[in-house]
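J.: Sequence:
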Amino acid sequence: MPKITLIQAQKKAGRYNIYLDGTYAFPVAESVLIKYQLAKGMEIDKQLLSQITSADLQAKAYNKALDYLSHQLRTQKELSDHLKELGIDEPTIKEVLTKLLDLRLLDDQVYANSFVRTQANLSDKGPTVIRQKLRQKGIGENLIDRALLEFPPEAQVANAKKLGQKLAKRHQASPLKIRQNKIITGIMTKGFSASVANSALEQLDLQVDPNQELAALTTQAKKAWRRYQRFDLKTRQLKTKQALYRKGFNLDEIDKVLAELAE
1 MPKITLIQAQ KKAGRYNIYL DGTYAFPVAE SVLIKYQLAK GMEIDKQLLS
51 QITSADLQAK AYNKALDYLS HQLRTQKELS DHLKELGIDE PTIKEVLTKL
101 LDLRLLDDQV YANSFVRTQA NLSDKGPTVI RQKLRQKGIG ENLIDRALLE
151 FPPEAQVANA KKLGQKLAKR HQASPLKIRQ NKIITGIMTK GFSASVANSA
201 LEQLDLQVDP NQELAALTTQ AKKAWRRYQR FDLKTRQLKT KQALYRKGFN
251 LDEIDKVLAE LAE
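Counting from 1, one number per residue, gives the positions in the sequence shown under full-length UniProt numbering.
Keep in mind the hints are simulated off the structure, nothing from the lab. It cannot be assumed that every hint is accurate.
Said to hold, decoys possible - Label pairs and their calculated CB-CB ranges:
1. Lys-40 - Leu-149: 29 to 37 Å
2. Leu-206 - Glu-141: 32 to 40 Å
3. Glu-141 - Pro-2: 50 to 58 Å
4. Glu-141 - Asp-81: 14 to 22 Å
5. Ile-178 - Arg-135: 30 to 38 Å
6. Arg-170 - Ala-259: 28 to 36 Å
7. Gln-207 - Gly-140: 22 to 30 Å
8. Asn-181 - Leu-149: 27 to 35 Å
9. Leu-149 - Lys-84: 42 to 50 Å
10. Arg-170 - Ala-194: 14 to 22 Å
11. Asp-102 - Lys-166: 43 to 51 Å
12. Ser-193 - Ala-173: 25 to 33 Å
13. Lys-239 - Lys-177: 17 to 25 Å
Said to hold, decoys possible - The calculated SDA-like cross-link candidates involving lysine to any residue, where the alpha carbons are at most 20 Å apart (straight line), are:
14. Lys-234 - Asp-205
15. Lys-222 - Leu-206
16. Lys-222 - Asp-252
17. Lys-177 - Val-257
18. Lys-60 - Val-110
19. Lys-94 - Gln-58
20. Lys-241 - Ile-178
21. Lys-94 - Glu-78
22. Lys-162 - Asp-205
23. Lys-64 - Ile-44
24. Lys-177 - Glu-150
25. Lys-166 - Arg-146
26. Lys-223 - Lys-256
27. Lys-182 - Gln-172
28. Lys-166 - Glu-202
29. Lys-60 - Glu-85
30. Lys-162 - Lys-190
31. Lys-247 - Leu-261
32. Lys-239 - Gln-229
33. Lys-247 - Lys-190
34. Lys-190 - Arg-135
35. Lys-241 - Leu-261
36. Lys-77 - Lys-162
37. Lys-137 - Leu-73
38. Lys-161 - Glu-150
Glycine included, C-beta positions come from ideal geometry on N, C-alpha and C.
Using the sequences provided together with the hints, build the complete structure.
T.: What follows is the structure, encoded as structure tokens:
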């Protein structure tokens, strides 16, 4: 039965080369060296060699996992996918995940809570979009539900209001009704509920600028009037009126502008 004749430290910290009967045999991590109490003169049979090899694979995978986790919080799925990309087999990955979970170095609930707080504080994303992002990261629905408690309704309305203010400026040339609809749609697209979007809209207290609305109406009316010039007068007026109404302009104001165009 072969015996260990030399244990030589590698240049890489925490790694050692094992020599059997004077010939290099295999490398091991320091943790494996300690676990199996490897020492000069120790006999190594096939069964023990297999155990040492398996343990070293786990040690290398564990160190790679620690390195991946050192940069930022990760989910179980993210870590598992990363180790798979490195060519580590499924059984070893499961062993590594179990060890990290036991040591609380990997916790999907902690990750989800932190993710929700970050999104609530630094982004314009609402709960629906945040939930989708967490699902993609492999977080379960129950964990997501608990994490979203970190983003209470009042905070959602406050964030939605900030987003609404940006949208109000972007669509300030639109009629009030259309402007309001675009704000609501924009807020909901970011993942906020209809009730939150409406609450935010109410707090915006949008004001109507008659001069601005009239200028916008006149511009749109002229475009529509030219678009339907091939029709007779009545049809042209009707089509123009319908187009302007769909854009949210006031009917009385539309009639006044159309009367001027018809002249």
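J.: Would you mind marking each hint as holding or not holding in the structure?
T.: Against the structure, the hints:
no. : hint                          : verdict
1   : Lys-40 - Leu-149: 29 to 37 Å  : violated, 58 Å
2   : Leu-206 - Glu-141: 32 to 40 Å : holds, 37 Å
3   : Glu-141 - Pro-2: 50 to 58 Å   : holds, 54 Å
4   : Glu-141 - Asp-81: 14 to 22 Å  : holds, 20 Å
5   : Ile-178 - Arg-135: 30 to 38 Å : holds, 34 Å
6   : Arg-170 - Ala-259: 28 to 36 Å : holds, 32 Å
7   : Gln-207 - Gly-140: 22 to 30 Å : violated, 46 Å
8   : Asn-181 - Leu-149: 27 to 35 Å : holds, 31 Å
9   : Leu-149 - Lys-84: 42 to 50 Å  : violated, 32 Å
10  : Arg-170 - Ala-194: 14 to 22 Å : holds, 20 Å
11  : Asp-102 - Lys-166: 43 to 51 Å : holds, 46 Å
12  : Ser-193 - Ala-173: 25 to 33 Å : holds, 28 Å
13  : Lys-239 - Lys-177: 17 to 25 Å : holds, 20 Å
14  : Lys-234 - Asp-205             : violated, 39 Å
15  : Lys-222 - Leu-206             : violated, 26 Å
16  : Lys-222 - Asp-252             : holds, 17 Å
17  : Lys-177 - Val-257             : holds, 19 Å
18  : Lys-60 - Val-110              : violated, 25 Å
19  : Lys-94 - Gln-58               : holds, 10 Å
20  : Lys-241 - Ile-178             : holds, 16 Å
21  : Lys-94 - Glu-78               : holds, 13 Å
22  : Lys-162 - Asp-205             : holds, 13 Å
23  : Lys-64 - Ile-44               : violated, 27 Å
24  : Lys-177 - Glu-150             : violated, 34 Å
25  : Lys-166 - Arg-146             : violated, 30 Å
26  : Lys-223 - Lys-256             : holds, 16 Å
27  : Lys-182 - Gln-172             : holds, 10 Å
28  : Lys-166 - Glu-202             : holds, 15 Å
29  : Lys-60 - Glu-85               : holds, 14 Å
30  : Lys-162 - Lys-190             : holds, 12 Å
31  : Lys-247 - Leu-261             : holds, 18 Å
32  : Lys-239 - Gln-229             : holds, 10 Å
33  : Lys-247 - Lys-190             : violated, 23 Å
34  : Lys-190 - Arg-135             : holds, 16 Å
35  : Lys-241 - Leu-261             : holds, 12 Å
36  : Lys-77 - Lys-162              : violated, 33 Å
37  : Lys-137 - Leu-73              : holds, 12 Å
38  : Lys-161 - Glu-150             : holds, 18 Å
Of the numbered hints listed earlier, those contradicted by the structure are 1, 7, 9, 14, 15, 18, 23, 24, 25, 33 and 36.
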